[in-house]
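All chains, please: the whole structure from these sequences, using the hints.
If you read the sequences in order, they're chains A, B, C and D.
For the first sequence, our numbering begins at 1 and goes up steadily by one.
For the second sequence, our numbering begins at 1 and goes up steadily by one.
For the third sequence, our numbering begins at 1 and goes up steadily by one.
For the fourth sequence, our numbering begins at 1 and goes up steadily by one.
In case anyone wonders, no lab produced these hints; they're calculated from the structure.
Fair warning: this is a prediction, and the values are worked out from it, not measured in the lab.
Backbone N, C-alpha and C define an ideal beta-carbon position, used for all residues, glycine too.
Be aware that a few hints might be false.
[As the list claims (entries may be wrong)] Calculated lysine to aspartate or glutamate pairs in the EDC-like style (CA-CA distance at most 16 Å, straight line): (1) C/K38 with D/E108; (2) C/K75 with C/E136; (3) D/K38 with A/E108; (4) A/K38 with B/E108; (5) B/K38 with C/E108; (6) D/K75 with D/E136; (7) B/K75 with B/E136; (8) A/K75 with A/E136.
[Stated by the list, open to error] The calculated label-pair distances, taken between Cβ atoms and stated as ranges, are: (9) B/F194 with D/V161: 49 to 59 Å; (10) C/Y145 with D/S162: 43 to 53 Å; (11) B/G141 with A/K75: 22 to 32 Å.
4 protein chains.
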Amino acid sequence: MGELMDRSRLEAFSDGVIAVAITLLALDLTVAGPGHGKLAHQLGEHWPAFLAYVISFFTIGIIWVNHHALIRTIKTVNRTLLFLNLLLLLFVVLIPFATSTVADYLSENNGDARVATALYGASFVGMSIGFTAIFEWTLHGHRVYQPLPPEQHWAARARFVSGGLVYVAATIIALFNAIVAFVIIGLVAVYYIFERTPRHADGDTATATATARARYPDT
Amino acid sequence: MGELMDRSRLEAFSDGVIAVAITLLALDLTVAGPGHGKLAHQLGEHWPAFLAYVISFFTIGIIWVNHHALIRTIKTVNRTLLFLNLLLLLFVVLIPFATSTVADYLSENNGDARVATALYGASFVGMSIGFTAIFEWTLHGHRVYQPLPPEQHWAARARFVSGGLVYVAATIIALFNAIVAFVIIGLVAVYYIFERTPRHADGDTATATATARARYPDT
Amino acid sequence: MGELMDRSRLEAFSDGVIAVAITLLALDLTVAGPGHGKLAHQLGEHWPAFLAYVISFFTIGIIWVNHHALIRTIKTVNRTLLFLNLLLLLFVVLIPFATSTVADYLSENNGDARVATALYGASFVGMSIGFTAIFEWTLHGHRVYQPLPPEQHWAARARFVSGGLVYVAATIIALFNAIVAFVIIGLVAVYYIFERTPRHADGDTATATATARARYPDT
Amino acid sequence: MGELMDRSRLEAFSDGVIAVAITLLALDLTVAGPGHGKLAHQLGEHWPAFLAYVISFFTIGIIWVNHHALIRTIKTVNRTLLFLNLLLLLFVVLIPFATSTVADYLSENNGDARVATALYGASFVGMSIGFTAIFEWTLHGHRVYQPLPPEQHWAARARFVSGGLVYVAATIIALFNAIVAFVIIGLVAVYYIFERTPRHADGDTATATATARARYPDT
Numbered sequence: 001m002g003e004l005m006d007r008s009r010l011e012a013f014s015d016g017v018i019a020v021a022i023t024l025l026a027l028d029l030t031v032a033g034p035g036h037g038k039l040a041h042q043l044g045e046h047w048p049a050f051l052a053y054v055i056s057f058f059t060i061g062i063i064w065v066n067h068h069a070l071i072r073t074i075k076t077v078n079r080t081l082l083f084l085n086l087l088l089l090l091f092v093v094l095i096p097f098a099t100s101t102v103a104d105y106l107s108e109n110n111g112d113a114r115v116a117t118a119l120y121g122a123s124f125v126g127m128s129i130g131f132t133a134i135f136e137w138t139l140h141g142h143r144v145y146q147p148l149p150p151e152q153h154w155a156a157r158a159r160f161v162s163g164g165l166v167y168v169a170a171t172i173i174a175l176f177n178a179i180v181a182f183v184i185i186g187l188v189a190v191y192y193i194f195e196r197t198p199r200h201a202d203g204d205t206a207t208a209t210a211t212a213r214a215r216y217p218d219t
Numbered sequence: 001m002g003e004l005m006d007r008s009r010l011e012a013f014s015d016g017v018i019a020v021a022i023t024l025l026a027l028d029l030t031v032a033g034p035g036h037g038k039l040a041h042q043l044g045e046h047w048p049a050f051l052a053y054v055i056s057f058f059t060i061g062i063i064w065v066n067h068h069a070l071i072r073t074i075k076t077v078n079r080t081l082l083f084l085n086l087l088l089l090l091f092v093v094l095i096p097f098a099t100s101t102v103a104d105y106l107s108e109n110n111g112d113a114r115v116a117t118a119l120y121g122a123s124f125v126g127m128s129i130g131f132t133a134i135f136e137w138t139l140h141g142h143r144v145y146q147p148l149p150p151e152q153h154w155a156a157r158a159r160f161v162s163g164g165l166v167y168v169a170a171t172i173i174a175l176f177n178a179i180v181a182f183v184i185i186g187l188v189a190v191y192y193i194f195e196r197t198p199r200h201a202d203g204d205t206a207t208a209t210a211t212a213r214a215r216y217p218d219t
Numbered sequence: 001m002g003e004l005m006d007r008s009r010l011e012a013f014s015d016g017v018i019a020v021a022i023t024l025l026a027l028d029l030t031v032a033g034p035g036h037g038k039l040a041h042q043l044g045e046h047w048p049a050f051l052a053y054v055i056s057f058f059t060i061g062i063i064w065v066n067h068h069a070l071i072r073t074i075k076t077v078n079r080t081l082l083f084l085n086l087l088l089l090l091f092v093v094l095i096p097f098a099t100s101t102v103a104d105y106l107s108e109n110n111g112d113a114r115v116a117t118a119l120y121g122a123s124f125v126g127m128s129i130g131f132t133a134i135f136e137w138t139l140h141g142h143r144v145y146q147p148l149p150p151e152q153h154w155a156a157r158a159r160f161v162s163g164g165l166v167y168v169a170a171t172i173i174a175l176f177n178a179i180v181a182f183v184i185i186g187l188v189a190v191y192y193i194f195e196r197t198p199r200h201a202d203g204d205t206a207t208a209t210a211t212a213r214a215r216y217p218d219t
Numbered sequence: 001m002g003e004l005m006d007r008s009r010l011e012a013f014s015d016g017v018i019a020v021a022i023t024l025l026a027l028d029l030t031v032a033g034p035g036h037g038k039l040a041h042q043l044g045e046h047w048p049a050f051l052a053y054v055i056s057f058f059t060i061g062i063i064w065v066n067h068h069a070l071i072r073t074i075k076t077v078n079r080t081l082l083f084l085n086l087l088l089l090l091f092v093v094l095i096p097f098a099t100s101t102v103a104d105y106l107s108e109n110n111g112d113a114r115v116a117t118a119l120y121g122a123s124f125v126g127m128s129i130g131f132t133a134i135f136e137w138t139l140h141g142h143r144v145y146q147p148l149p150p151e152q153h154w155a156a157r158a159r160f161v162s163g164g165l166v167y168v169a170a171t172i173i174a175l176f177n178a179i180v181a182f183v184i185i186g187l188v189a190v191y192y193i194f195e196r197t198p199r200h201a202d203g204d205t206a207t208a209t210a211t212a213r214a215r216y217p218d219t
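Have a look at this one:
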């Protein structure tokens, strides 16, 4: 009873931080006001800001959905979990800054654009590390309601790490080509939105997946 | 039990995002400080900002009331609903930016004022699309506690879509006359605040309405 | 059951808006950075900002405590209550803007300081109107768990209105003397923080008070 | 029942304020945009901002964990507690301002850097005072589920006060050497993150500690 309440306060605080971070993304969207050229022209020039807003909004939204799914499998909360969760939130809160920076520099298409996109990718890498650390924590002790059998740990880890590796790849690619890296980061968001749990997949994978992610019916 | 908790976390996150977005509206309200002319004069010149603040505040407030009423009819949450909800929130979070832009440009009464008001209307169109998508989702499967009979779906849809169509009309009108469009958007807010559920209306409509909107006593 | 959840979502949303508004107060606190004179000097010149921050913080805090106490007496939520609550929040959200303006202008000690302080007082008048409207709503129908007997309505109203009248007085005084008005608004906050429910007062007043405000033991 | 709900709204509001404050920290992180020198160079020059962000983020996070642990021991909420909690939040909300100021001035390494770091330390001193006041409140009356025996009060107080005294020391040291004070504040955060409850310590201390802080298993 007490433990359930703990988990619910962990969720409430995380929801609060994620909700503020996702809303602060829109602070990047501004126009200079009257006397700084045609409004339509200003809005047109800000296309990277709008695109980065949409990508970051859905990426943070996906984090929220997955955080939700992972945390609700947890039976007991300890201090280690609270600090791993803070680590995840530390990077989530950086995303509006990274989004703003990539929006400012992307259309420059120069060295600064590459640095800005690498920073953007790195903020998602950090977030993946925080999320994977929480997942790793759930694999040990008696911390979740339905623990994964040890022989499935590596399959489940592989799944988590592969998502993070795409961001690592995007961050490295950013140092050579900002636009390609930016497109990859956008495609990851699109992929996760339309991703479906393989319902008729073989048992092992399905179980690993079910524990690691949301288990909602997809009717 | 588990499912109810899901819904409550969906509500908590949505409440958080809407609460932050509604509060960020006030960031648009600023004066330039000492040395930029009489304060009373500055405040007077900012009338579009104050008016836009009040309209957007109540419009977001109405979204919150209706979101509240719609979500509490839902029995099970799935990933599709979570992403439709993110789509709604994506547009809610854009409203402070659109409000700020219309506040800056409305009194110019030129082409830029028309673009700004169209942007303002478009953010409400987007929000309506998100909200209608969630409503459409509730019509299928066994997702709500008291499903609407199929023969009432079109009446209920018509009701939802009509609200959105007013915003579509306002967005188009904005391209010709910013003030008229702005007044229409304001009147929609006034209409929804004073709107009452028809209590003695004929059965079908009343049922459709009751499912689609808040069902509070109006004593 | 369903009704309790309604009330809890009303509370959660209000808490969210109030929490964001109280935190945004601190955005007023800034210094110009290196190259704009001694930091100690800059901080010293900002005394109105720090003082206004503390006053507004505790005033919003008091609103939250009283809102909490009032809402928990409520049995059923209807649309009217939701919109009266939005009206209250509309003014709460204005307080950071009014605080920022009074902080900018107070030390000017001129006509602008008087306008700014009147604006500051007016934001609290608006908030009092919203709060009194919610209280008035609780007096009618069967909306609270332990309704006040009708013969005690006027005593309870007098109590609510008197708080609001101090803000009306401060707003009018502000037009003549900004500092006096500012001090009055500060003293109201101090008064409410140290105020105690009269425990051995005569029955009628005690009951009216108990319904209208927090009923916590003061041991 | 009613009392539990009270406590839960106190937690919800505090979580909201802390969540917003922790997220606003990231507003300090900005770069000047294209045309203001190499982005990599700008980011490098902002190292104090990034370091201060991480320190403040974890320090607020620790406050949240400890607040959580302390509040859940409480049985009944009264007005005094609500205002002591507001006092704590008043200083929590100041932390983003203090963080931003120290980030702006630290690398100047002059008198202003010392004032900024003292301000930073003082915001944590204020926070410690608020937190200690809440703890002191829990020692009296029948306010917690498992009250500490009176003979253990001083040991528990010593523990709380010692944390605050490190911030007092850092604030005084800041007036002589900004960097040393800043490092101390950072080390306090690191210490609390890795701190573990002494599980096999002698009874008295263990009990005092268990009431004063989180009691999560550390498996």
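To see whether the hints hold, each was checked on the structure:
Note on C/K38 and D/E108: the hinted pairing holds, with a Cα-Cα distance of about 12 Å set against a maximum of 16 Å. Between C/K75 and C/E136 the CA atoms are separated by roughly 15 Å; this keeps the pair inside 16 Å, and the hint holds. For the hint pairing D/K38 with A/E108, the CA-to-CA distance comes to about 12 Å; that is within 16 Å, so the pair holds. Simply put, A/K38 and B/E108 have alpha-carbon atoms about 12 Å apart, close enough for the 16 Å limit, and the pair holds.
A distance of roughly 12 Å separates the Cα atoms of B/K38 and C/E108; the hinted pair therefore holds under the 16 Å criterion. At most 16 Å may separate the alpha-carbon atoms for a hinted pair to count; D/K75 and D/E136 meet this at roughly 15 Å. Pair hint B/K75 plus B/E136 holds up; C-alpha atoms about 15 Å apart against a cutoff of 16 Å. Between A/K75 and A/E136, the direct Cα distance comes to roughly 15 Å. Compliance with the 16 Å bound is thereby established for this hinted pair.
For B/F194 and D/V161, the Cβ-Cβ distance of about 57 Å falls inside the hinted range of 49 to 59 Å, so the restraint holds. The supplied range of 43 to 53 Å is met by C/Y145 and D/S162, whose beta-carbon atoms lie about 46 Å from each other. For B/G141 paired with A/K75, a C-beta distance near 30 Å keeps the hint of 22 to 32 Å intact.
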